[in-house]
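A.B. asks: Single-letter residue listing:
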Amino acid sequence: DTAVSQTPKYLVTQMGNDKSIKCEQNLGHDTMYWYKQDSKKFLKIMFSYNNKELIINETVPNRFSPKSPDKAHLNLHINSLELGDSAVYFCASSQGARGYEQYFGPGTRLTVT
Amino acid sequence: RKEVEQDPGPFNVPEGATVAFNCTYSNSASQSFFWYRQDCRKEPKLLMSVYSSGNEDGRFTAQLNRASQYISLLIRDSKLSDSATYLCAFDTNAGKSTFGDGTTLTVKP
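Chain order of the listed sequences is A and B. Note that this note's numbering numbers the first sequence so that position 113 is 113, with each residue one more than the last. Note that this note's numbering numbers the second sequence so that position 56 is 56, with each residue one more than the last.
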């Protein structure tokens, strides 16, 4: 009965490869997010979708492309992976776009070699 | 100035101690405030929302000071299980969520 799930949990890949991370929430929430947490533990928002519409797009290289096929899913595709992309990527969801607490997935630990 | 600043710690306290963390924010348009807890190699989990009048949940008390633009978290009677990183977070009207860099707490027997 996981509320926010992500796959895969671990991802090890080489520089230059393209990879995707998938996220699903079964909470009936309208808003979903992608965060990056680097080795220093800083948690930074990357994207936010509300009802499948992109509402927040932080300064993220355009190698990162989110996609929301429906309200319950938000995927992240990364092209031409670089060493600096190594981090933990968290998906989260909230009831609405403003003022609601967020529920996080377990994270995807990406290692680029 | 960073949008949100937290003392990274670490805070090392004995069991039973009272410990307090502050988190200052620079965006006066901030509307909603939260404290999250993150255990090692786990995802952040909501600890409590922070209301204008202050709020309490068991041993945890959260306060908001809009004039000085900070929120605080007070933990009374610390338990070993309280050891974690505590992240403050706030939302603006634009719907953007900003998290602090976290304060690490270690409670020792």
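Please note: incorrect hints may appear among the correct ones.
[Unchecked claim] Straight-line alpha carbon distances no greater than 27 Å define the calculated DSSO-like cross-link-like pairs of lysine-lysine that follow:
1. A/K19 x B/K79
2. A/K9 x B/K96
3. A/K44 x B/K108
4. A/K22 x B/K79
5. A/K71 x B/K42
6. B/K79 x A/K9
7. A/K67 x A/K9
[Stated by the list, open to error] A few chain B positions that, by computed beta-carbon distances, are all more than 10 Å from chain A:
8. Q31
9. S32
10. L46
11. S53
12. D57
13. D82
14. T98
15. G102
Simulated from the structure, these hints should not be mistaken for lab results. Glycine included, C-beta positions come from ideal geometry on N, C-alpha and C.
A.B. asks: Each of the hints needs a verdict: does it hold here or not?
C.D. replies: Here is how each hint holds up against the structure:
Proximity of A/K19 to B/K79 is assessed by CA-CA distance (about 41 Å); at most 27 Å being required, the pair is judged violated. A threshold of 27 Å between alpha carbons decides the hint, and for A/K9 with B/K96 the separation of about 26 Å falls inside it, so the pair holds. Restraint check for A/K44 and B/K108: not satisfied, since their Cα atoms lie roughly 30 Å apart, outside the 27 Å limit. Straight-line distance between C-alpha atoms of A/K22 and B/K79 comes to about 36 Å, which puts the hinted pair past the 27 Å bound.
Of the pairs offered as hints, the one joining A/K71 and B/K42 holds, with about 24 Å between alpha carbons and a cut-off of 27 Å not exceeded. Restraint check: the Cα-Cα separation between B/K79 and A/K9 comes to about 30 Å, which exceeds 27 Å; the hinted pair is violated. Using a Cα cut-off of 27 Å, the hinted pair A/K67 and A/K9 holds, with the two alpha carbons roughly 19 Å apart. A beta-carbon of chain A is positioned within 10 Å of the beta-carbon of B/Q31; the least distance is around 6 Å.
The beta carbon of B/S32 sits about 4 Å from the closest Cβ of chain A, which is not more than 10 Å, so the claim that it is off the interface is violated. Once the 10 Å rule is applied to beta carbons, B/L46 is inconsistent with being away from chain A; the minimum gap is 5 Å. With a cut of 10 Å on Cβ distances, B/S53 stays outside the contact zone with chain A, its closest approach being about 16 Å. Annotated as non-interface, B/D57 keeps its C-beta farther than 10 Å from every C-beta of chain A; the closest such distance is 13 Å.
Listed as a non-interface residue, B/D82 keeps its Cβ farther than 10 Å from every Cβ of chain A; the least gap is roughly 18 Å. Against the 10 Å criterion, B/T98 falls within the reach of chain A, whose nearest CB is about 7 Å from its own CB. Not every CB of chain A is more than 10 Å from the CB of B/G102 (nearest about 6 Å), against its label as outside the interface.
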